[in-house]
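For reference, the chains in residue letters:
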Amino acid sequence: MGVFAFAIGLATQSRAGNIIDCFFPAPVKSPDSDLEQAILDQFQSGTHTLSPESVSSFVREYQPTLEPMLEADCTLTSVLLNDDVGVSSTPEAFLKLHLLSHRLALPNTLNLDGIFAHLDTVAWTTEGALAVDELAERQLTARLEQRHFEVLSVDKFPKMTNYIVPSGVRIADSSRIRLGAYLGEGTTVMPSGSINFNAAALGPNMIEGRLSQGVVLGEGSDLGGGSSTMGTLSGGGEITITIGRNCLIGANGGTGIPLGDRCTVEAGLYITAGTRVSVIDEFGTKVRTAKGRELAGASDMLFIRHSETGEVQCRTNKKAIALNDQLHAHN
Amino acid sequence: MGVFAFAIGLATQSRAGNIIDCFFPAPVKSPDSDLEQAILDQFQSGTHTLSPESVSSFVREYQPTLEPMLEADCTLTSVLLNDDVGVSSTPEAFLKLHLLSHRLALPNTLNLDGIFAHLDTVAWTTEGALAVDELAERQLTARLEQRHFEVLSVDKFPKMTNYIVPSGVRIADSSRIRLGAYLGEGTTVMPSGSINFNAAALGPNMIEGRLSQGVVLGEGSDLGGGSSTMGTLSGGGEITITIGRNCLIGANGGTGIPLGDRCTVEAGLYITAGTRVSVIDEFGTKVRTAKGRELAGASDMLFIRHSETGEVQCRTNKKAIALNDQLHAHN
Amino acid sequence: MGVFAFAIGLATQSRAGNIIDCFFPAPVKSPDSDLEQAILDQFQSGTHTLSPESVSSFVREYQPTLEPMLEADCTLTSVLLNDDVGVSSTPEAFLKLHLLSHRLALPNTLNLDGIFAHLDTVAWTTEGALAVDELAERQLTARLEQRHFEVLSVDKFPKMTNYIVPSGVRIADSSRIRLGAYLGEGTTVMPSGSINFNAAALGPNMIEGRLSQGVVLGEGSDLGGGSSTMGTLSGGGEITITIGRNCLIGANGGTGIPLGDRCTVEAGLYITAGTRVSVIDEFGTKVRTAKGRELAGASDMLFIRHSETGEVQCRTNKKAIALNDQLHAHN
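Top line first, the protein sequences correspond to chains A, B and C.
Counting from 1, one number per residue, gives the positions in the first sequence under this note's numbering.
Counting from 1, one number per residue, gives the positions in the second sequence under this note's numbering.
Counting from 1, one number per residue, gives the positions in the third sequence under this note's numbering.
To be clear, the hints were calculated from the coordinates, so they are not data collected in a lab.
Be aware that a few hints might be false.
One copy or two, it doesn't matter: identical chains are merged, so the pair holds either way.
As the list claims (entries may be wrong) - Here are the simulated SDA-like cross-link-like pairs (lysine to any residue), alpha carbons at most 25 Å apart as the crow flies:
(1) Lys-156 to Leu-144
(2) Lys-29 to Asp-133
(3) Lys-29 to Leu-135
(4) Lys-291 to Ala-16
(5) Lys-156 to Gly-186
(6) Lys-286 to His-306
(7) Lys-156 to Ala-142
(8) Lys-319 to Pro-52
(9) Lys-29 to Thr-141
(10) Lys-156 to Gly-184
(11) Lys-319 to Gly-86
(12) Lys-286 to Arg-15
(13) Lys-156 to Ala-136
(14) Lys-156 to Glu-219
(15) Lys-29 to Leu-144
(16) Lys-291 to Gln-13
(17) Lys-319 to Asn-246
(18) Lys-286 to Gly-274
(19) Lys-319 to Leu-50
(20) Lys-156 to His-102
(21) Lys-291 to Ser-30
(22) Lys-156 to Glu-71
(23) Lys-156 to Pro-166
(24) Lys-318 to Phe-283
(25) Lys-291 to Asp-281
(26) Lys-29 to Gln-42
(27) Lys-318 to Gly-2
(28) Lys-286 to Val-132
Chain A with its partners taken away, still in its complex shape (with noise of 0.2 Å):
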């Protein structure tokens, strides 16, 4: 029995007595073999509750940030899963998504099975984390109280830098950051960016977009200003997008398929499975006529719609094409 990740941490509890937040700063997946067996030898399988006393040592020896607990009159939880099955409480969810945004998984590495319903539609307010139906009465109280209450969102995810701030990023407008996205160093999301749980910029990036559930946006590959990337969630299809090195989805444009390296969706274009777009090589020949499916996930491509024509076209290059040929060819 092995220890696939493992966290320390600190839930809050609704009135009612469920787990609706938890908050784990020194997450551990797939730990080296000396604390794989400190981890088993001292926790147990599962989510329990501890004090800070019978950590003591476990944390001075190998989480020393987590040492502020020790001194601190509270409960902590502790979740230990043996193996990456699917989602069976919030705990666990929770452990999930910080390894996520910890970067200690990539999206579509985790059994996330289960994540809705382990998860529940939380109010996240400026007096933490509240059960829904406990929110008029607070509201009612604090303005009794001459005290201001903000009720900054209500879902099932929060916002990430609450939880963890990876370095070397910058976020214009936390709110748009599920707890759960991946930013990888180097990533900018501005006030237009969104990333959803499940989903990377691995770095460097510019998020002026919507990074969708699932999608992974590789280096220096840009979204612009209201970029959209279809997920597989509501709306979406079920091609997972990866999009590769050096891409572009310009401002307004966007992509249902998956890109590879140095892409370039021109600003306003909207490229899906389904459409169907003029292969254009370097010397400007139309080599065919191919639906976007077909041209999921080849490299050095320029997708525009033709200004004089109204014709959706892919600029590529007869080397690009013959990869893509070969790409597609088991298809």
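We have chain A; now place chains B and C onto it with these hints.
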């Protein structure tokens, strides 16, 4: 003389003595005759201030959720509207916005004439509602006292969630939904979604686009990321946009015409009243060219811009075309 | 030696002793000779710390709105710039951003060279500005003390409204406007609107789109929902975009070229410098095909993509065409 709407709540005054904010936790619209009589017996028409004691028996009998008010050292404000006439005071404006967000009235069913004139532009801050001319001094004082002071918005309309969070909704960023928005059960608003006052998502809906003032979105319809519905204020025309059931406005698409049920506007396409659209039946035959406004309100339409010819098309079927002709026969 | 700009304010230091935030409630630019002499008599060039007592007679005479500072137990910071040279310190960077947001300087009129290098990436929190490397510990401590602690953004630029709310503006979501934005009287910014530093809405304007760094929007012009103006930083070209008076960029539209007065870009259309545009006069006659950049700065243009042919057109009139030819005669 009857009761159109009534509420007891808390008003915030500026230093100059103007009411700039009202919180009505349990507004009433068109009460049954028992409650109506009790209101008429106890309260005067218009806006009045009163003590908690004076309303204690009424509150205990008819509005028990307000009981915490009775214990507080505060001045209450009552508003009683006998009829739905135009807005003539700030408390009346707030009462009508509450009616909408409490799901007691649908958009476009209340007389909102004069509402802009009776709502001051207010600084909504972490110390509550403040008159804009008091702000600079407050900001300086807070800095000198090393107290963080945040100006969240400067607007006539506050954010809805600080007044009411209706049941069964999810809201990723509460700053994008104004008091006066109507969110039905099952509405999810993503970070790029926004809902103006006097606009409705009847629910269930996925809102990742902009629901403008006056627009009503039917059951099961979704607004894709960054999509747009044309309002009747700035930029919009005079047509009030209603979108029926099970429609989808694709990401970065938009509509300036009302739509019936089961309509789709593809990602990236914006249909306006003046767009010339080629109407295509289920056999692929072009039936006619129509202006967008001639298709207003019809069902079973799929709007695309053909990716090879740039032509905007409405793909539909003969049955829908016949119904649509009927719909517009008397225009 | 003269005074280009001057301010007294409050600086925030990181634990490591770096200045990461400055608040200047009453910045001065190009003062009249009386005030200029008083500044030169009392203050040294560059950035200095001083006690409230030492500036009390100056403040009482010239900056009475700062009087609350004189009573406080604090250290003040003064910045005096004799000339508009490049930015060489954090306080200078903040002073220049204040000049823009206080409407003392228009975008593209200040020397901002080096500003990025002199602005740290800071965590803007409900406990004020914090160095990013102090954040994790603060977050843990706040949780242990059951105190809510919100990380609002992580950015080089703070939000404007926490420093200055200029008169006559409305701002739906303050997190979308950076310090250094210039908002003229009568500017309304809706939830999807955003304004970068060194960008201006001269007012009155309705901003529901993105005003990028370097862009100036003239009187009476509106940015529709989700619309885009191309900046000169990421993704944008080298052309600085200016939009004249009474223009409209439609919802989800955009421009990568400067526009004169009374221009419209239809909803959903993105015009770039490279777009080939068919120029049509008031009689419906095609005059010529032009690249977007050849139309840069002209007035009375309506840009559409023809809904039947997909052709991008600029509808204008012979007078405007003649003026435009003149405008570009010496290019």
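(request) Evaluate Lys-29 and Thr-141 at a C-alpha cut-off of 25 Å and name the case that applies: within, between, both or neither. (result) For Lys-29 and Thr-141, only the inter-copy Cα distance (24 Å) is at most 25 Å; the intra-copy one is 42 Å.
(request) Tell me, please, which holds for Lys-319 and Leu-50 at an alpha-carbon limit of 25 Å: within, between, both or neither? (result) neither (61 Å within a copy, 67 Å between copies)
(request) Classify it for me, Lys-291 with Asp-281: is the Cα-Cα distance of at most 25 Å met within a copy, between copies, both or neither? (result) For Lys-291 and Asp-281, the Cα distance is within 25 Å both inside one copy (16 Å) and across copies (22 Å).
(request) Go through the copies and call it for Lys-156 and His-102: within, between, both or neither, with a Cα cutoff of 25 Å. (result) both (19 Å within a copy, 22 Å between copies)
(request) Could you figure out if Lys-156 and Leu-144 sit no more than 25 Å apart (CA to CA) within one copy, between two copies, both or neither? (result) Between copies only: 23 Å across, 29 Å inside.
(message) Reference check for the pair Lys-156 and Glu-219, CA-CA at most 25 Å: within, between, both, or neither?
(response) between (29 Å within a copy, 22 Å between copies)
(request) Using 25 Å as the alpha carbon limit, work out where Lys-291 and Gln-13 are close: within a copy, between copies, both or neither. (result) neither (51 Å within a copy, 57 Å between copies)
(message) When Cα atoms must be at most 25 Å apart, do Lys-156 and Pro-166 count as within-copy, between-copy, both, or neither?
(response) Both ways: Lys-156 and Pro-166 sit 21 Å apart in one copy and 16 Å across, limit 25 Å.
(message) My question is about Lys-286 and Val-132: at a cut-off of 25 Å on alpha-carbon distance, are they close within one copy, between copies, both, or neither?
(response) The answer is neither: 58 Å in one copy and 52 Å across copies each exceed 25 Å.
(message) At most 25 Å between CA atoms: does that hold for Lys-319 and Pro-52 within a copy, between copies, both, or neither?
(response) neither (62 Å within a copy, 70 Å between copies)
(request) Go through the copies and call it for Lys-29 and Leu-135: within, between, both or neither, with a Cα cutoff of 25 Å. (result) between (35 Å within a copy, 22 Å between copies)
(message) I want to check one pair: Lys-29 and Asp-133. Are their C-alpha atoms no more than 25 Å apart within a copy, between two copies, both, or neither?
(response) between (35 Å within a copy, 23 Å between copies)
Violated hints for the displayed structure, listed by number in ascending order: 4, 8, 11, 12, 16, 19, 21, 22, 27 and 28.
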